[in-house]
Amino acid sequence: MALLELRDISKHFGAIQALAGVSFGLEPGEVVGLMGDNGAGKSTLVKIMAGNFPPSEGHLYLEGKEVHFHKPVEARYHGIEVVYQDLALCDNLTAAANIFLGREIKRRLGPLKVVDHVAMFSRAGELFQELKSETRPRDLVRQMSGGQRQAVAIARTRLTDAKIVLMDEPTAAISVRQVAEVLDLIRRLKDKGIAIILISHRMPDVFSVCDRVIVMRRGHKVADKSIDTSSPEEVTGLITGAIEAA
Amino acid sequence: MSNVDVSEVTRQREMGPLASALNTQPFWVLLAILIISVVMSFLTETFMSENNLFNMTRNFAFMGIIALGMTAVIITAGIDLSVGSVMGLSGVVLGLVLEGGNPVWFGLIACLLTAMATGFVNGVLIAYLNLSPFVVTLGMLSIARSLALVVSNNKMVYQFGPQEDLFLRIGGGTVLGIANPVWVLIIMTVIFSFLLRMTTWGRYVYAIGGNEQAARLTGVPVERIKVSVYMLCSVTAGISAFLMVGWLGSVTNALGITYELRVIAATVIGGANLMGGQGFALGAPIGAALVEVIRNSLLLAGVDPYWQGTFVGAFIILAVLLEKVRGKRGG
Chain F
12 MALLELRDIS KHFGAIQALA GVSFGLEPGE VVGLMGDNGA GKSTLVKIMA
62 GNFPPSEGHL YLEGKEVHFH KPVEARYHGI EVVYQDLALC DNLTAAANIF
112 LGREIKRRLG PLKVVDHVAM FSRAGELFQE LKSETRPRDL VRQMSGGQRQ
162 AVAIARTRLT DAKIVLMDEP TAAISVRQVA EVLDLIRRLK DKGIAIILIS
212 HRMPDVFSVC DRVIVMRRGH KVADKSIDTS SPEEVTGLIT GAIEAA
Chain H
25 MSNVDVSEVT RQREMGPLAS ALNTQPFWVL LAILIISVVM SFLTETFMSE
75 NNLFNMTRNF AFMGIIALGM TAVIITAGID LSVGSVMGLS GVVLGLVLEG
125 GNPVWFGLIA CLLTAMATGF VNGVLIAYLN LSPFVVTLGM LSIARSLALV
175 VSNNKMVYQF GPQEDLFLRI GGGTVLGIAN PVWVLIIMTV IFSFLLRMTT
225 WGRYVYAIGG NEQAARLTGV PVERIKVSVY MLCSVTAGIS AFLMVGWLGS
275 VTNALGITYE LRVIAATVIG GANLMGGQGF ALGAPIGAAL VEVIRNSLLL
325 AGVDPYWQGT FVGAFIILAV LLEKVRGKRG G
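Residue numbers (the numbering used here), protein chains in the order written: chain F, 12 to 257; chain H, 25 to 355.
By construction, these hints were calculated from the structure, which means they are not laboratory data.
C-beta atoms are modelled at their ideal positions from N, C-alpha and C, and glycine is treated no differently.
Incorrect hints may appear among the rest.
What the hints assert, rightly or not - Across the chosen pairs, the derived CB separations fall in these ranges:
hint : chain 1 : residue 1 : chain 2 : residue 2 : range
1    : F       : Lys203    : H       : Leu46     : 52 to 58 Å
2    : H       : Met299    : F       : Ser219    : 38 to 44 Å
3    : F       : Val84     : H       : Leu58     : 44 to 50 Å
4    : H       : Met299    : F       : Val84     : 25 to 31 Å
5    : H       : Arg221    : F       : Pro243    : 49 to 55 Å
6    : F       : Lys117    : H       : Ile210    : 25 to 31 Å
7    : F       : Arg119    : H       : Phe130    : 33 to 39 Å
8    : F       : Ser67     : H       : Ile133    : 48 to 54 Å
9    : F       : Arg198    : H       : Ile60     : 56 to 62 Å
10   : H       : Thr334    : F       : Asp102    : 31 to 37 Å
What the hints assert, rightly or not - Rough simulated footprint, nothing fancy, chain H against chain F, three-plus residues with beta-carbon under 8 Å:
hint : region
11   : 99-105
12   : 110-119
Just chain F, same shape as in the assembly (with noise of 0.2 Å):
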């Protein structure tokens, strides 16, 4: 049974057809990279596992049962997180005050509930250290080289046992030092059994980390095969079209 199974996905937005019954299943520790042209619907289709968005037609399954978002809370609830490509995150805020907002550890003070910064710096100091990164939690995000932004971004879905990471264009804008950490980071999650869907627009990144490559293009899916049987001249093929499925 797929982790995560999309069947017939289909999305518009008033006139405009961005997914056209689209369908695939990932399994536990899979990583795939999701790859096409600007507009091919790579990010419709993420939003849409995210929960930002509900599908016009089509179902999701999680663990076999069909599940329904309206909210990115509840995609994340179900175990389901995005690493988003601006980071989404506080530059004003540290690492630690980055990876637990929205959902802080709190103690006792007498009658009330505080935020337990303590808990917050070990706990984050952890999942750095499980992460392997060099990142101080009491740094400010500010401060932070692009690897260690990503870094942050990741440890958060760590925070609860997510099954799921959705990753849009985590190497963009990165020196290629920073690009070997995030895929690194990459691998470890992949090793934690961990499914991961990436989206990138660079084949070597896909090429180094994914097990399988689905390839979208105005809206359908043109191809959903293993890295070992394709090749980058293939997949950019079938980006633009010289090649019409796979």
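The hints should help you fit chain H onto chain F, whose structure is shown.
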């Protein structure tokens, strides 16, 4: 990636507690206050006199109380221009309710509810209709002042009913030689520090100012928090009005005119960043103190009072400049 023990790194701090205190604006403003005070104590005999210190602390208490609420608003990257008018409206309502023969507690509640209602209107328009805080609160500045005129019929209220003595004692009296408004300021500063640092509400206020979209995506109830912040700010204006009317012994619809300017000045000087995401509860009383110390020093030094606005304005610009310089150094 290297194999060094990352636990070494994850436990490090950028700087110790002392160094981080030195890096905050309230600290430098406090230093400026101390320097001015020392200089003034040599230049004049009156500056350090008990009487002058008493008056100064009481004067900035009214401003500092509202600056606390304003700090929360500014941290969310908002602004509230209506606080002066809200003082006027809630002060007039307070006066009329007491004049009508009601007890003080009833007057206080009427005063705070009036303030809260204006803050609620501000907050709803800003958070739910997505209007600019500047425009909404500018509108409220005009509306609340006009309502104060309507309600008071442009008459002065100077009789405060059966509990008049108690009412005047609360605003104008002292405890242990310190004016009551100053005590209120101290207690409220402690409460605001606690709220901003120790509660999820405070965490969300900072998060909204840092990246509103990110806050929303992580499940922060952005709209509700914003409404609460504007209501709280208006309530601080109501509290200040309650104390000030008791101290003055009378109230007209002109109560608190141009106060918004001084409050925003105190807040910015105290280290709140108008771009949002930054500010300290402790900055409110310290910023207010600097504004008052400058005003007082110029008076005692015999400088023509017409110059006051120039100096206060210069300090606002200086504070923003200082913030910018420190921001660059911090990377």
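Status of each hint after checking the structure:
| no. | hint | in the structure |
| --- | --- | --- |
| 1 | Lys203(F) to Leu46(H): 52 to 58 Å | 42 Å, violated |
| 2 | Met299(H) to Ser219(F): 38 to 44 Å | 39 Å, holds |
| 3 | Val84(F) to Leu58(H): 44 to 50 Å | 49 Å, holds |
| 4 | Met299(H) to Val84(F): 25 to 31 Å | 28 Å, holds |
| 5 | Arg221(H) to Pro243(F): 49 to 55 Å | 51 Å, holds |
| 6 | Lys117(F) to Ile210(H): 25 to 31 Å | 27 Å, holds |
| 7 | Arg119(F) to Phe130(H): 33 to 39 Å | 35 Å, holds |
| 8 | Ser67(F) to Ile133(H): 48 to 54 Å | 52 Å, holds |
| 9 | Arg198(F) to Ile60(H): 56 to 62 Å | 59 Å, holds |
| 10 | Thr334(H) to Asp102(F): 31 to 37 Å | 35 Å, holds |
| 11 | 99-105 | holds (count 6) |
| 12 | 110-119 | holds (count 5) |
Figure legend: structure checked against the earlier numbered hints; the only hint not met is number 1.
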